[in-house]
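All chains, please: the whole structure from these sequences, using the hints.
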Amino acid sequence: MARVVVDVMLKPEILDPQGKAVEGALGRLGLAGVAGVRQGKTFTLELDGELDESRLATLHELAGSLLSNPVIEDYAIREVTA
Amino acid sequence: MARVVVDVMLKPEILDPQGKAVEGALGRLGLAGVAGVRQGKTFTLELDGELDESRLATLHELAGSLLSNPVIEDYAIREVTA
Amino acid sequence: MTRHTDTVTDASTTPEVEQPYAELGLKPDEYQRIRDILERRPTSAELAMYSVMWSEHCSYKSSKVHLRQFGDKTPDTDALLVGIGENAGVVDIGDGWAVTFKVESHNHPSYVEPYQGAATGIGGIVRDILSMGARPVAVMDPLRFGAADHPDTHRVLPGVVAGIGGYGNCLGLPNVGGEIVFDPSYQGNPLVNALCVGTMRHEDIHLASAKGVGNLVVLYGAKTGGDGIGGVSVLASETFEDGGPAKRPAVQVGDPFMEKLLIECTLEVLHAGLVEGIQDLGGAGISCATSELASNGEGGMHVVLDRVPLRDRTLTPEEILMSESQERMCAVVRPDRIDAFLAICARWDVDAAVIGEVTDTGRLVIEWHGETIVDVPPRTVAHDGPVYERPYARPAWQDELQADAPEHLARPTSAGAVRDTVLRLVASPNLASKTWVTSQYDRYVLGNTVLAQPEDAGVIRVDEESGRGVAISTDCNGRFAKLDPYAGAQLALAEAYRNVAATGARPLAVTNCLNFGSPEDPDVMWQFAEAVRGLADACLELGTPVTGGNVSFYNQTGDVAIHPTPVVGVLGVVDDVARRTPMGFRHDGDLVVALGETRDELAGSEWAHVVHDHLGGLPPSVDLGAERALAEVLTAASRDGIVTAAHDLSDGGLAQGLVEMALRNGVGAEVGVPPGADPFVTLFSESTARAVVTVSQERLGAVLALAAHHGVPATVVGAVGEAGSDLVLTGVYDGDVVLPLAQLREAAEATLPALFG
Amino acid sequence: MSGMRVGVITFPGSLDDRDAARAVRVAGGDPVALWHAEADLHAVDAVVIPGGFSYGDYLRCGAIARFAPVMEPLVAAAEGGLPVLGICNGFQILCETHLLPGALVRNDHLHFICRDQRLRIESTDTAWTSSYDRGQEIVVPLKNGEGGYVADEATLDRLEGEGRVVARYLEVNPNGSRRDIAGIANARGNVVGLMPHPEHAVEELTGPTTDGLGFFTSILKGLVEA
Ligand SMILES: Nc1ncnc2c1ncn2[C@@H]1O[C@H](COP(=O)(O)OP(=O)(O)O)[C@@H](O)[C@H]1O
Ligand SMILES: [Mg+2]
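Protein chains in written order, with the working numbering: chain A, 1 to 82; chain B, 1 to 82; chain C, 1 to 757; chain D, 1 to 226.
Read the hints as simulated data drawn from the structure, not as lab findings.
Among the hints, erroneous ones may be present.
[Claimed, not checked] What the simulated footprint calls covered on chain B by chain A, stretch by stretch (three residues with Cβ under 8 Å from a Cβ of chain A suffice, anywhere in the stretch; the number is not a length):
#, stretch
1, 26 to 39
2, 43 to 52
3, 61 to 72
[Said to hold, decoys possible] Derived pair list, reagent style DMTMM-like, types lysine to aspartate or glutamate, alpha-carbon separation capped at 20 Å:
#, chain 1, residue 1, chain 2, residue 2
4, A, LYS41, B, GLU73
5, A, LYS20, B, GLU46
6, A, LYS20, B, GLU13
7, C, LYS223, B, GLU13
8, A, LYS11, D, ASP152
9, C, LYS223, C, ASP349
10, A, LYS11, B, GLU46
11, B, LYS41, D, GLU146
12, A, LYS41, B, ASP74
13, B, LYS11, C, GLU113
14, B, LYS41, A, GLU79
15, A, LYS41, D, ASP108
16, B, LYS41, A, GLU73
17, A, LYS20, D, ASP108
18, A, LYS41, D, GLU146
19, B, LYS11, A, GLU46
20, A, LYS11, D, GLU146
21, A, LYS41, B, GLU79
22, B, LYS41, A, GLU46
[Said to hold, decoys possible] Now the in silico label distances, taken between C-beta atoms and shown as ranges:
#, chain 1, residue 1, chain 2, residue 2, range
23, C, GLY416, B, LEU56, 50 to 60 Å
24, B, LEU29, C, GLU371, 38 to 48 Å
25, A, LYS20, C, HIS150, 23 to 33 Å
26, B, SER65, C, ALA677, 15 to 25 Å
All values reported here derive from a predicted model rather than from experimental measurement.
C-beta atoms are modelled at their ideal positions from N, C-alpha and C, and glycine is treated no differently.
Next up, the structure:
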């Protein structure tokens, strides 16, 4: 059993209205000194067996096409302890 | 300058239709052995100065009210290197 | 983890076992009745089923004795194809078309989790309509919130609106109307009612019954999870010997995508003739679906609970029986058609499982891991629940409230003061433009929306060839109902009826959602009894039968109940939607004609509420004969094409009505207070049975003759201006009130965005 | 004009497919239902990818639909010049498949919005806009939650320079689209993506106008001429 997290973030140059809205709200609600907020998505995958080379390669491919849209988003893959 | 990530996940007992849809798609597109997918949100905050006790306390409060909906979601706060 | 399942054998051999019936909401005598019915103690699964099916929500035990009047006082009509008691009533609209519609509440879940509560409210009512065999074609959302500027309203309203939009938009159902009312009485208890309309051919009507011994019972749609099983977790924790069950969710999450698939899949199996009986899964889940299907059919059913597809493997059989997981349906299918049925489910990616079959044993038998855990006469679960004659009495405070008439309130006495009052009312949250909300709803999808918000009623084309269609409106003024619940319910009906007629439709049938406080409070029970009596009497007089509805009790904060809120939905038929009458001023030079009679009736009015924060006196008088006559004028005028616009008058009176007509298309008018009339009363009274129409010079004679023929007072009060002209009210005390449209628009449009934007 | 076969794809969660078919019919063509799971275009003369929430729009609008079996022959045919119109969710799908550049993101005000939207037709050199006059203003419904068009500056400049901005929002930019872009075309002009819904403005009775009809008559006209 492996647990893998794929983080998907908007590219820095793409406007993030949700992040902006959160930034404003955090400030109004008393958190001082917030210089910026970006909102992202995570996909936590439970996999049967180990994440071997070949599955990792497939996952990279799908993370860069299905899970993220390379036009506007970047992704990162990290394995975590299940 | 500190960078803090708030991870927000649906509570395990709550239905996650988005995760279900991703799970189905990953399987159809050739990633074998996916036993489950949960989709979550992340908020990456850039803070001026350090995240001291008092700001951390405020952040916990807001993470549990503004950033997440405690009725259906859990959150976790982690500091990352900026 | 080991657990012992309580079987029927156990129940017979261990009669002395103590059961947590009180925690499940059953009274000692109710528990005793179950024992008498079964001639033994119930198993824990049976206890779960009875407790949920005998709850107020499912059994209508406090309301039943009153609701009977809707059946007893049914007016003579051949329009009713399916009456009260089914998932939703069905009305004949002609040419072989039938329409089904119903409104339901999702008040409490929407307070806890506004988005999901409201979303699943839409999901539930849509499945009700679907289960009649109809294609859902539109939704509406009558909503009530606390004070507009209260912080909790700021939490609840945006979530509710996003949830209704999120679910309905994703389902592809146009939202064609609703209500948004703010009043402090709903502060701790907002009302989220949801209405759905569906259409079908007569031959497509399906009912919830399990007929034909040997036919299969299929559960299809989403997998079953631990949603909405609140109470039964006491049983779960009792039956687990070690370790506990996994945590159960506090709220249900909707999956509109699954529901969309469920709609298409269900309509396909129905049209292919593969279904003998069908039922949606709503409150009480499988318990409700199996016991109702069985008791409405051959009388028996055998279910193997292990076959239910689960999302959560830790569920106990009691929980599976009670789960309220969304997006599920149950169908009865002949064995020779099951493959075709399952193939269509597979095509739509919908999970389906045969969980049992129809028997003629007269028993609903459910097994789990090879042992019998339920063996009951299904009728005793589904239909023979307890019936209460709850005590009720006219509240001690009612007389005092009615005696506190608004006559002592200061009224404006100059043109300037009237002008200020108009602008203040236009900008008040209850009268202000609802665009901030309604622009979050898709009103175009399906391509048959002829009128939608802010028109008086939603109008939907049913038949593309002939143009046959329906109009629907929902209404209720809770303040009127508080002043006098009997009259208040009638006023709600009258307003919805009038709204439907204003578009040119002939009012045909009624649905309702009765939102009240606790039935255990005799004051509330009196309000309820009065409202039901009033509505039933008025439906009889107007000839519009009640086809179905919903009761929501326990809407209160502490022991303070909400205003009694009997939301009434009226459905009308339009022979050709091309003839519908829209509400806005259009043509320069058209005459403005006021229909009906205006009296000094300001108790409970929007003016008293906004300007004086006052509620007291007697609501506007009800005159159903006048309503009927007005409706006849409005529908005939539409049929004959002799009016260019029509708008009913209600909240805010004539002044507000004219503002709405002017803002609709950005066309003003000049309207005079009739000589001798009191300007304030003319402009702000909320007398019923009134409307404003516009008519060309040439048609004026025809319109006045039509009104005279029906005995409806008609007065020419002004003329429509050119595009962009001001709204001018003349003869107002010392002068004219000039209201530029830009200023009116700003007043009307700014309020909700400023509060919630 | 009859006899022109225009395919309308239905994905699980497509909503405006009936409306697109109706619009084709009103314009004088023959709509042909295409099913997502079938890798077959049934020899249609053009395709409309309708609005809706394919696969619930879970993950990202259009992201899952892109991988449906029907998309394989569609992409090949589009590259070969088949006229394809993606409306709303269809536009999102065309961007996800990279038949069109850029992407559509959450509206800047974060709400779903349904309104009657004024547009200017910027290019009449596409298969779907030849019935209009250049610069013509039209009003059609708009309804979306994720309709903000984004692309990098170079792409935007190229779209403008090559006359591939098909329609632009007037009066109000309803979703934060870059440069008020409401619709774009591929280089050849046969593939068009549009956020507003012309198929909901083809009948006096149910639309705010009948201004949307031009998209559907354009294609029929083009097919007749071709
Ligand atoms: N929650 C809502 N959803 C959809 N439409 C709404 C909602 N609230 C109000 N509307 C629409 O706004 C318009 C004005 O509402 P209202 O003043 O209550 O109408 P009326 O007084 O004619 O019953 C109507 O078309 C109504 O359907
Ligand atoms: Mg009205």
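Worksheet item: Honestly, which of those hints from before does the structure not fit?
Response: 6 and 26
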